[in-house]
Amino acid sequence: MAAGGHTLVGFFHADETVFYFNDLQDDSFHLWFVSPKWIKSKRNKFLILDDSEEFRAQDLSVDERECHPERKFNVKYYKNSDSVGRTGVSLYVLKGDRKLTVCCNNRLEVHPGEMDVSENVAGKAHQALFYLLEVASSCYLLESSLYPSMFLAFEPDEHDHTLSKLALRRKELEEVDESCYITML
1 MAAGGHTLVG FFHADETVFY FNDLQDDSFH LWFVSPKWIK SKRNKFLILD DSEEFRAQDL
61 SVDERECHPE RKFNVKYYKN SDSVGRTGVS LYVLKGDRKL TVCCNNRLEV HPGEMDVSEN
121 VAGKAHQALF YLLEVASSCY LLESSLYPSM FLAFEPDEHD HTLSKLALRR KELEEVDESC
181 YITML
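Each residue of the sequence shown is one higher than the one before, counting from 1 in our numbering.
Be a bit skeptical, because a hint or two may be false.
Stated by the list, open to error - Derived lysine-lysine pairs resembling PhoX-like cross-links, with alpha carbons at most 25 Å apart: (1) K124 to K99; (2) K79 to K165; (3) K99 to K171; (4) K124 to K45; (5) K37 to K99; (6) K124 to K95; (7) K42 to K165; (8) K37 to K79; (9) K40 to K165; (10) K95 to K165; (11) K37 to K95; (12) K124 to K79; (13) K99 to K165; (14) K95 to K45; (15) K45 to K79; (16) K171 to K124.
Unchecked claim - Distance ranges between label pairs, derived from CB positions: (17) S61 to V135: 18 to 28 Å; (18) E53 to L185: 16 to 26 Å; (19) N106 to P69: 12 to 22 Å; (20) R43 to L133: 18 to 28 Å.
By construction, these hints were calculated from the structure, which means they are not laboratory data. Since the structure is predicted, the reported quantities are computational estimates derived from the model, not experimental observations. The beta carbon of each residue, even a glycine, is placed where N, CA and C say it ideally should be.
Model the full assembly from the supplied sequences, consistent with the hints where possible.
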């Protein structure tokens, strides 16, 4: 069932007096729209795909952001047909002709996956889909659809303390953890 108590259905057949409909899959995501965004941590570091194809957050000046709009992430927004009606998102960046998407794996790590998440995703979980939960204006939590209570977070990079890396972090929804706060501009 979709948000607002409406069920998504697909047209199947009509005859002289009756319309027939098929229920869409109970749990699925349907592409709503795509929007390029800068992804920023609470500590004002911007998420980029670095030269070694790792997701890192670093300081970027206004000039650097204006000169490199290709570093923005494309955010695909999905309508979710579950009973809660949460919005799903996937994040990807273009590198040449490749789409590198934020994915999580069974070791609870975040990595770039070369994929294009389709317009319709069956099921209620996918390695590249996250639930978008608004905390404040333009500030969000991104919960893994595959691993409940695991959120995208910015953690200090062990090799370079001026950078942060994108990670999955366990937290309860009510728990305050600013490393999980993500701003989209």
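Index of numbered hints that the structure contradicts, given in increasing order: Structure breaks hints 2, 3, 4, 6, 15 and 19.
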